[in-house]
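In full-length UniProt numbering, the protein residues as written are 1 to 663.
Watch out, some of these pointers could steer you wrong.
[What the hints assert, rightly or not] Pairwise CB distance ranges (calculated): (1) Glu-631 with Glu-514: 32 to 38 Å; (2) Pro-171 with Ala-218: 47 to 53 Å; (3) Arg-516 with Ala-218: 36 to 42 Å; (4) Asp-647 with Ala-206: 26 to 32 Å; (5) Ala-604 with Ser-489: 27 to 33 Å.
[Stated by the list, open to error] Computed cross-link-like contacts, SDA-like style, restricted to lysine to any residue with a CA-CA straight-line distance of at most 20 Å: (6) Lys-302 with Thr-567; (7) Lys-302 with Tyr-319; (8) Lys-283 with Gly-140; (9) Lys-56 with Gly-140; (10) Lys-56 with Ala-183; (11) Lys-283 with Pro-171.
What the hints contain is simulated information worked out from the structure, not anything from laboratory work. Virtual Cβ for every residue (Gly too), placed ideally from N, Cα, C.
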Amino acid sequence: MAEPTLAAAPPRVSVLGAGALGSALAERLRPYAPGPDEAPDLLVVAGDEPGERPEKTPWLPVGVELGTVVIGPAALPGEPGCPVCARSRAGKARADEAERRRARDRFPDRYHADDVRLTRFGLAVVADLVEDELARLHRGEAARTRRGVIRVRLDTLATSVHTFLPEPHCPQCGELPEDTEEAARITLLPRPKLSRDVYRVGDLHARADELVSTYVDAETGLIRGLYRTVFGTYPTASAPMGLAPGAEDVEMGFGRDLDFATAQLTAIAEAVERHGGMRPGGKRTVVRGSYRQLAERALDPKTLGLYPAHWHDRPGFYYQRYHDDLEMNWVWGHSFARNEPILVPETYAYYRMHAPGHGHGHGHGDEMPLSGPRPPVDRPFVYEISNGCALGGCLEEAILHGILEVAERDAFLLTWYARLPVRRLDLDTAADRRIPLMAERLRHDLGYDVHAFDTTTEHGIPSVWVMAVHPSDHDDVPKMLCSAGSSFSPERAVANALLELAPLVQWRQDSMIEERERILAMLDDPDQVISMHDHSLVNAHHAAFPRLEFLFRDPGAVPIAESFAGTFRPRNEDLTADLRATVDRYLERGQDVVVVDQTTPEHAAGGFTCVKVIIPGLLPMTFGHRLRRVEGLPRLYEVPRMLGYADAPARPEDINPHPHPFP
């Protein structure tokens with residue numbers, strides 16, 4: 001037997017479990033066994049041993065799973081990150097989890113059984129690792145099984161360590177605080193910028209290794225892995241997150257840039273951001289009632305854009321008919337117009353709350369339950385997406401970028417719905433010479449001409465619409481694809497939109513052939529456009545291209561600097577000063593900026609803050625033509641005249657009746 005490695009005053013260790021694994025561990029740890037009247041300081045649970053665990057005694061699970069010994073995680077009283085957390089993380093992280101579960105269901109007696117490859121040498125290796133972990137835990141050192149597991153493959157004895165983030169909703173160790181009014185109150189703090197023209201407070205490149213180790217792991221990570229391609233001619237990365245243990249649904253973070261390192265970091269950041277918008281993960285919803293009951297402290301849902309009353313009579317229409325007595329859950333946000341906390345409908349603040357086809361803990365039997373009692377989940381009254389969700393290195397940074405996203409989508413939809421003849425931009429005039437080269441590469445590699453348009457609205461935040469157009473009218477070739485961008489730097493907005501546009505061309509190429517009949521059906525019946533994919537797909541058909549003629553009424557193109565000469569570009573040394581100036585652009589026009597802090601412990605682990613920005617009255621991005629929301633949004637009819645595109649307010653019959661082409 002190896003020499004004992006535990007502390008000089010060794011702990012008392014008990015071993016539960018039978019079989020070869022339990023026997024080997026009991027033999028190795030015999031010197032630490034407590035006396036007949038002594039309670040153990042540490043407990044080792046070998047195999048799939050059932051039974052109650054002592055509430056105040058740390059314990060370490062060790063088991064066999066499909067030819068691999070799994071050691072940990074240590075269950076430490078008072079500390080989040082327990083075996084239940086680890087199982088949930090593994091269930092969502094593993095790409096083959098569904099197959100694993102089928103194997104466990106089919107062979108329940110063999111899934112966790114001692115493996116024939118569990119040799120004496122393999123048992124000795126496992127015992128050494130367990131003894132070493134117990135020593136680290138007893139001494140309070142950085143044990144690998146503290147929020148982590150050690151996996152030992154029995155065929156090769158290769159050993160790997162996989163850390164994980166505790167589950168805030170864990171029924172064993174999670175304890176979410178209640179969502180409170182006072183915690184939602186926002187007090188802006190000074191935030192020095194990297195430079196006047198960089199609207200971030202930190203550089204992700206400097207933390208690249210840390211972010212990967214925090215979030216990415218194929219066994220236990222929030223993100224399953226990072227995948228790189230050159231899809232669409234530019235470096236592209238994807239970062240998938242499993243949504244529920246054993247479920248095949250994933251949420252993807254994407255990154256596109258001119259180098260893979262930046263693309264991968266962007267993919268991580270987008271995935272982590274998406275995690276915040278799915279359901280409350282940093283606080284527990286407790287407020288329930290109707291708007292009529294809560295009106296003095298609540299955001300009026302009617303300002304968010306509703307559906308015409310008769311739409312709710314359509315067969316299969318999923319969303320509830322809104323009225324002021326409709327009971328729902330509410331979460332606390334902060335209103336900049338009121339300068340105080342405000343209640344926001346929960347299903348609007350978190351876009352995966354019981355949306356059709358999207359579980360959030362309902363519909364997946366193994367999804368981790370919410371921690372503690374909470375109000376029932378409601379069927380939402382409108383379809384809302386991640387629009388306005390943003391990640392930042394601080395609260396102020398997240399809010400600023402959430403505003404930019406809301407501005408981008410509003411500008412695109414206003415241009416489409418009102419068919420505004422916005423200025424076309426001359427990309428050859430860009431000071432950043434990479435921009436015309438990016439456009440030329442799309443033409444050279446994929447055969448598409450690139451057109452860009454200035455869609456900036458009355459708020460003055462630079463916004464662009466970029467379009468790739470193919471000269472062919474062949475049914476199998478996407479004729480047109482669109483993207484959008486918004487940034488205080490107009491050229492940055494153009495560059496971002498170009499990066500978004502490139503992969504769309506290739507994604508839709510196969511669909512034009514495979515879904516030809518559906519495309520023709522959607523052209524005739526816009527109600528068949530039901531997904532984000534459908535919007536760009538139907539508009540990619542050459543028969544839909546005449547719908548965009550309003551963008552080409554003026555054959556000339558305007559230099560970029562000239563078109564954006566009067567737009568808003570804060571250049572303070574402090575990001576908070578930029579944010580205040582940006583918020584004022586909306587407040588001065590009678591609009592509110594509402595922020596729901598979506599930050600979870602998972603965000604905090606990477607030094608991030610996550611928010612949902614809501615600007616009532618702006619046009620909400622929706623997918624599914626039957627779900628577009630323009631009811632109760634008078635700005636749609638007034639702004640075209642305000643911008644000089646019309647002599648009178650628009651009428652309902654003037655609104656573009658076709659599905660929008662946003663990707």
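These are the hints, each one checked on the structure:
no., hint, verdict
1, Glu-631 with Glu-514: 32 to 38 Å, "35 Å, holds"
2, Pro-171 with Ala-218: 47 to 53 Å, "25 Å, violated"
3, Arg-516 with Ala-218: 36 to 42 Å, "37 Å, holds"
4, Asp-647 with Ala-206: 26 to 32 Å, "53 Å, violated"
5, Ala-604 with Ser-489: 27 to 33 Å, "30 Å, holds"
6, Lys-302 with Thr-567, "30 Å, violated"
7, Lys-302 with Tyr-319, "14 Å, holds"
8, Lys-283 with Gly-140, "30 Å, violated"
9, Lys-56 with Gly-140, "16 Å, holds"
10, Lys-56 with Ala-183, "31 Å, violated"
11, Lys-283 with Pro-171, "14 Å, holds"
Figure legend: structure checked against the earlier numbered hints; hints not met, in rising order: 2, 4, 6, 8 and 10.
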